[in-house]
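Novice: From first to last, the protein sequence lines stand for chains A and B.
Counting with UniProt numbering, you get residues 1 to 472 for the letters of the first sequence.
Counting with UniProt numbering, you get residues 1 to 589 for the letters of the second sequence.
Hints listed in this document are in silico derivations from the structure and should not be mistaken for laboratory results.
It is possible that part of the hints are untrue.
As the list claims (entries may be wrong) - In silico lysine to any residue, SDA-like type, Cα no more than 25 Å apart, as pairs:
#, chain 1, residue 1, chain 2, residue 2
1, A, Lys233, B, Tyr122
2, A, Lys126, B, Asp176
3, A, Lys50, B, His305
4, B, Lys398, A, Leu68
5, B, Lys515, A, Asp142
6, B, Lys112, A, Arg232
7, B, Lys515, B, Asp176
8, B, Lys297, A, Glu61
9, A, Lys261, A, Gly282
10, A, Lys91, A, Tyr417
11, A, Lys221, A, Gly282
12, B, Lys259, A, Leu68
13, B, Lys297, A, Arg232
14, B, Lys192, A, Gln118
15, A, Lys472, A, Pro439
16, A, Lys209, A, Ala428
17, A, Lys50, B, Phe287
18, B, Lys315, B, Phe287
19, B, Lys345, A, Leu68
20, B, Lys102, B, Thr89
21, B, Lys228, B, Asp378
22, A, Lys156, B, Arg300
23, A, Lys179, B, Asp124
24, B, Lys259, A, Pro257
25, A, Lys156, B, Lys297
26, B, Lys112, A, Leu37
27, B, Lys192, A, Asp142
28, B, Lys204, A, Tyr417
29, A, Lys125, B, Val562
30, A, Lys97, A, Gly86
31, A, Lys179, B, Arg131
32, B, Lys515, B, Val562
33, A, Lys261, A, Gln223
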Amino acid sequence: MASGQQWVLVEMVQAFYEAPAYHLILEGILILWIIRLLFSKTYKLHDTFKLTEKEKEDLIEEWQPEPLVPLVSKDHPSLNYDVVTGPPTHKIIINGKECINFASFNFLGLLDNERVKQKALASLKKYGVGTCGPRGFYGTFDVHLELESRLANFMKTEEAIIYSYGFATIASAIPAYAKRGDIIFVDEAACFAIQKGLQASRSFIKYFKHNDMEDLERMLKEQELEDHKNPRKARVTRKFIVVEGLYINTADICPLPQLVKMKYRYKVRIFLEESMSFGVLGEHGRGVTEHFGVNIDDIDLISANMENALASIGGFCCGRSFVIDHQRLSGQGYCFSASLPPMLAAAAIEALNIMEEDPDIFTVLREKCKHVYKALQGTPGLKIVGVPCAPALHLQLERSSGSRESDMRLLRSIVEYCMDRGVALTLARYLEKEERFLPSPSLRVVVTIEHTEEDIQKAVSCVQEAASSLLK
Amino acid sequence: MTESPSTKPANGDVCQRVKNGLKPERNGLAKSLYRCHEKKSKHHGQPEEEEVNATSHHGLPYSRPFVESYEQTPMLPAVFTYMSYGILTIFGYLRDFLRYWKIERCNIAGEKEEQRDFVPLYQDFENFYTRNIYIRIRDNWNRPLCGVPGATMDLLERTSPDYNWTFVQSGRVLQDVINLGSYNYLGFAENKGSCADAAAEITKKYGVGVASTRQELGNLDRHEELEKLVARFLGVESAMSFGMGFATNSMNIPALSGKGCLLLSDELNHASLVLGARLSGSTIRVFKHNNMQSLEKLLREAIVHGQPRTRRPWKKILIVVEGIYSMEGSIVRLPEMIALKKRYKAYLYLDEAHSIGALGPRGRGVVDYFGLDPCDVDVMMGTFTKSFGAAGGYIAGKRELIEYLRSHSHSAVYASSMSPPVVEQIITSMKCIMGEDGTTIEGKHYREVKTPPPPRAAPLRCCDRVHQLAKNAVYFRRKLQKMGFIIYGNEDSPVVPMMLYMPAKIAAFSREMLKRNIGVVGVGFPATPIIESRARFCISAAHTKDVLDRALSVISEVGDLVNLKYSRQKTQPSVARSFDDNVFEDIDD
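Excised from the complex, chain A in its bound form:
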């Protein structure tokens, strides 16, 4: 066999020598032709035509861009803001009319607390207003360090980091960890700041149904199967669950204990946004972890803003140092932005003091929330969305009137009706085209500890009157 093959080879070489020149040339050309066919494109692209300068000029001349912004009609519902004169506290003057404030997130009434103001003033006397720099470049003040350690102590975590803007907190924290290729499981009702953080992270986003743990588990199981198929990829794909403690859009509490169980079962990290629950839920106001008695160390990152219960400005993240410290170089809103004005940090510290000194305020707040919840039940045509202990409730139409626009108009007329009678409520505002899952139109009723029995009575009867006269 082997010798036979050898013989064929020798014969081939011989035939090559003996072949006439024209034959070899022809074969050579054919081979080149085949190579050319193999490498050439099967179709012609049109852009091989070169445009002349003149044609280019014409194209440039002809191009008409859209206007920078579309024209907003004068009666656009969110164009003309209500003007608040004076402090937006318990009594608020809106467009010249004094109302009881059922709209600002000033849950603990710390916004016009005299002690907070005094601390802010003292800080203003010492530091001036602005910091004139980001944290890295002489923008770190002793008050910032103090506030960070106070927040960490209050939340019983290792470390806390403060941001100068509430919205930027979670929106910067998520992309500091989650990168392209990672997977994030998110509740559908997640607030807009979370949505922006997800977008900035460029990770792969999976939305599960609002507070539906079965749906989440199904997704996690699917992912587990996927991981088994491709273990190499799974080893570098980080997985996160992002939830809110108390959802701003639905006033629901997330089922944290189940989430923690799932975290360890499926090895997913949990990021928890607590802007609504911090300073509200739990015996000491530590939020949803305390509410459920979940060990705070089981949550990888907690973020909250200081603009609601603390009635200052800014936000913070807290958790283990291993996690939080990373943001000091990777949290965009932390690194690249001027730090929080010291007087606002000082105000937040004093607000924390008040919260620590008197934990009863949280019980009082919850009682009031439950009271309002109960009183508003059975309002004709309106249904309450949320849990009874949520300080920011939503009232939705029981029956939609047909379109979102007309629903909004109906709800707005209720707001106006109440405002005429001295009760300030607000519509929950959304960017309708930008929201991933647009919540149904709703009125928001915010309860604070400053509301007296009469205030609540008045508000409830106002809403009920409005509903019965405007909703048929």
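Guided by the hints, dock chain B onto chain A, whose structure is given.
Specialist: Relative to the frame of chain A, chain B by itself:
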């Protein structure tokens, strides 16, 4: 380490602009527009790359000399810089190895025991730079202040028992450290005076928080007043304010631009602009820093070729630039930019974070500096953090633009509105710049000025701070150049980057300066290209000549000690600047 024009490797959108220490051509005019423009001072054989647009030519876009210099990185420091990064990397690997085998104690906070089998939160290489290089010189950043960040500041002394892994406050205070780091351009970071008083008054009345968004019940009368004032200050129809400068960019660009739109972004744009562009979902193309030819090429290509694949014409093209670039000290070539945008029907988004208040004879920013019409810029953005000594940002422009933002800005719907005392600080300081409150900073004039103040100064008394800043900036820059340091940027810019090159010199320079009671900012990779580590001085109107002179002599001393006088440029840039202000000549030597 912070506040970078986002040249982090993680940001794929932004390309690194420097290879092997050679700078791409920085400047350049769009040739089709200004053929008559004259390149004057391109000296052959001189390392200096510098351009001047002469004033005398008719029809030129510049009403004043425009001098920007970027001396090329000298060969030897470039080689040493690469070597030092090489050595640092080798030692980094060695120490990682030692840590891995527990020979060296590991100070890094670790993962929780129960979570060890999770996918690691950080890739190992992600933190290599932080762990092995940044940490060595970490003491030069985040220095805590305990007072006003004015011309001088009080710093809390820190020591580190474990080579910068942790810091302990010794309890002592370094007093009266000269502040060359804060963006306190006009000196409004004050705890006394009209601004602080007004802010205190409003705190008493309003408190510090708002606890609602602009569209709900967080729209205070103070906000409305501020916005009217900003519009008047800038000379535009309307304005809107936001609670955070960073978020002003990142939350409003998505409202202005979307799918099918093209964003042309300067390669050195700030991280907030890059983030906003990314969130908008538009196509992003990057042009070379302040390079009009590169921009024009992109504009032409974009219009001629349309969108990729579908070839549909772009819906709109938005050029995104900054007024002063905070790491380069360069000023945007606005006149050419405006001509280009008009020619190609693009829109212009101008971020005046550093230039508002700090540039122009009336402090109205870069538009005022070039004497242009603010209406030619479609979107005027700026921050209140820097020149106004407050916090937050604004967007100003045509009425339609602002009306659209009021109804569609992410910030107006979802973010808490600005704190009332902060608003008040801005209102008061802005009025002061506009001369509407009659105050000037007293006792801060140069004592050395022998000639009487120029006659023009009298009606401009209100702008004293603005003038003081302009003088200080030119004075400080020229002095440094004379001493032989390599200084980047525009002659008039109050941001003065001084090249250090080697990473170890960031630490050496900054520590030596602090020893001599001067606080400076050092910036290295990833905020700058890897070999271009630099110190950045921010000049303030609050700096007196005495303070500046003290700082200069110390810089010179430390510069000799650390060997920083790299400049091989023999002569001073002999650009005849036609100042009607003879004070400059006076202070120049």
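Novice: State for each hint whether it applies.
Specialist: Here is how each hint holds up against the structure:
1. Distance check on the hinted pair: A/Lys233 and B/Tyr122 sit about 15 Å apart at the alpha-carbon level, within 25 Å; holds.
2. Straight-line distance between C-alpha atoms of A/Lys126 and B/Asp176 comes to about 15 Å, which keeps the hinted pair within the 25 Å bound.
3. Taken as a hint, the A/Lys50 and B/His305 pair is honoured in the structure, with Cα atoms around 11 Å apart against an allowance of 25 Å.
4. Restraint check: the Cα-Cα separation between B/Lys398 and A/Leu68 comes to about 10 Å, which is no more than 25 Å; the hinted pair holds.
5. Under the criterion of a C-alpha separation no larger than 25 Å, the hint pairing B/Lys515 with A/Asp142 is consistent with the structure, at around 21 Å.
6. A hinted pair counts as satisfied when its Cα atoms are at most 25 Å apart, and B/Lys112 with A/Arg232 qualifies at roughly 23 Å.
7. With a C-alpha separation of about 12 Å, the suggested pair B/Lys515 and B/Asp176 falls inside the 25 Å cut-off, and the hint holds.
8. As the CA atoms of B/Lys297 and A/Glu61 are separated by approximately 16 Å, the hinted pair is consistent with the 25 Å bound.
9. A C-alpha spacing of about 20 Å is found between A/Lys261 and A/Gly282, which places the hinted pair at or below 25 Å, so the restraint holds.
10. Pair hint A/Lys91 plus A/Tyr417 holds up; C-alpha atoms about 17 Å apart against a cutoff of 25 Å.
11. Between A/Lys221 and A/Gly282 the alpha-carbon distance is near 32 Å, which puts this suggested pair outside the 25 Å criterion.
12. With a C-alpha separation of about 13 Å, the suggested pair B/Lys259 and A/Leu68 falls inside the 25 Å cut-off, and the hint holds.
13. Between B/Lys297 and A/Arg232 the alpha-carbon distance is near 43 Å, which puts this suggested pair outside the 25 Å criterion.
14. Taking the CA atoms of B/Lys192 and A/Gln118, the gap is near 17 Å; set against the 25 Å cutoff, the hint holds.
15. As the CA atoms of A/Lys472 and A/Pro439 are separated by approximately 23 Å, the hinted pair is consistent with the 25 Å bound.
16. For the hint pairing A/Lys209 with A/Ala428, the CA-to-CA distance comes to about 21 Å; that is within 25 Å, so the pair holds.
17. In summary, the hint linking A/Lys50 to B/Phe287 is supported, as the alpha carbons are separated by about 24 Å, within the 25 Å threshold.
18. Of the supplied pair hints, the one linking B/Lys315 and B/Phe287 holds, its CA atoms being roughly 20 Å apart against a limit of 25 Å.
19. For the suggested pair B/Lys345 and A/Leu68, the alpha carbons sit about 11 Å apart, so the restraint of at most 25 Å is met.
20. Only pairs whose Cα atoms come within 25 Å are accepted, and B/Lys102 paired with B/Thr89 is accepted, the gap being roughly 20 Å.
21. Between B/Lys228 and B/Asp378, the direct Cα distance comes to roughly 18 Å. Compliance with the 25 Å bound is thereby established for this hinted pair.
22. For the proposed pair A/Lys156 and B/Arg300, the alpha carbon gap of about 58 Å is over 25 Å, so the pair is violated.
23. With a CA separation close to 14 Å, the supplied pair A/Lys179 and B/Asp124 stays within the 25 Å bound.
24. Note on B/Lys259 and A/Pro257: the hinted pairing is violated, with a Cα-Cα distance of about 41 Å set against a maximum of 25 Å.
25. A hinted pair counts as satisfied when its Cα atoms are at most 25 Å apart, and A/Lys156 with B/Lys297 does not qualify at roughly 57 Å.
26. For the hint linking B/Lys112 to A/Leu37, the alpha-carbon distance of about 60 Å lies beyond 25 Å, and the restraint is violated.
27. At most 25 Å may separate the alpha-carbon atoms for a hinted pair to count; B/Lys192 and A/Asp142 meet this at roughly 20 Å.
28. As the CA atoms of B/Lys204 and A/Tyr417 are separated by approximately 32 Å, the hinted pair breaks the 25 Å bound.
29. Among the hinted pairs, A/Lys125 with B/Val562 is inconsistent with the structure: their alpha-carbon atoms are about 39 Å apart, more than 25 Å.
30. In summary, the hint linking A/Lys97 to A/Gly86 is supported, as the alpha carbons are separated by about 11 Å, within the 25 Å threshold.
31. Between the alpha carbons of A/Lys179 and B/Arg131 the distance comes to roughly 20 Å, so the proposed pair stays at or under 25 Å and holds.
32. Taking the CA atoms of B/Lys515 and B/Val562, the gap is about 14 Å. The hint holds against a cut of 25 Å.
33. Proximity of A/Lys261 to A/Gln223 is assessed by CA-CA distance (about 17 Å); at most 25 Å being required, the pair is judged to hold.
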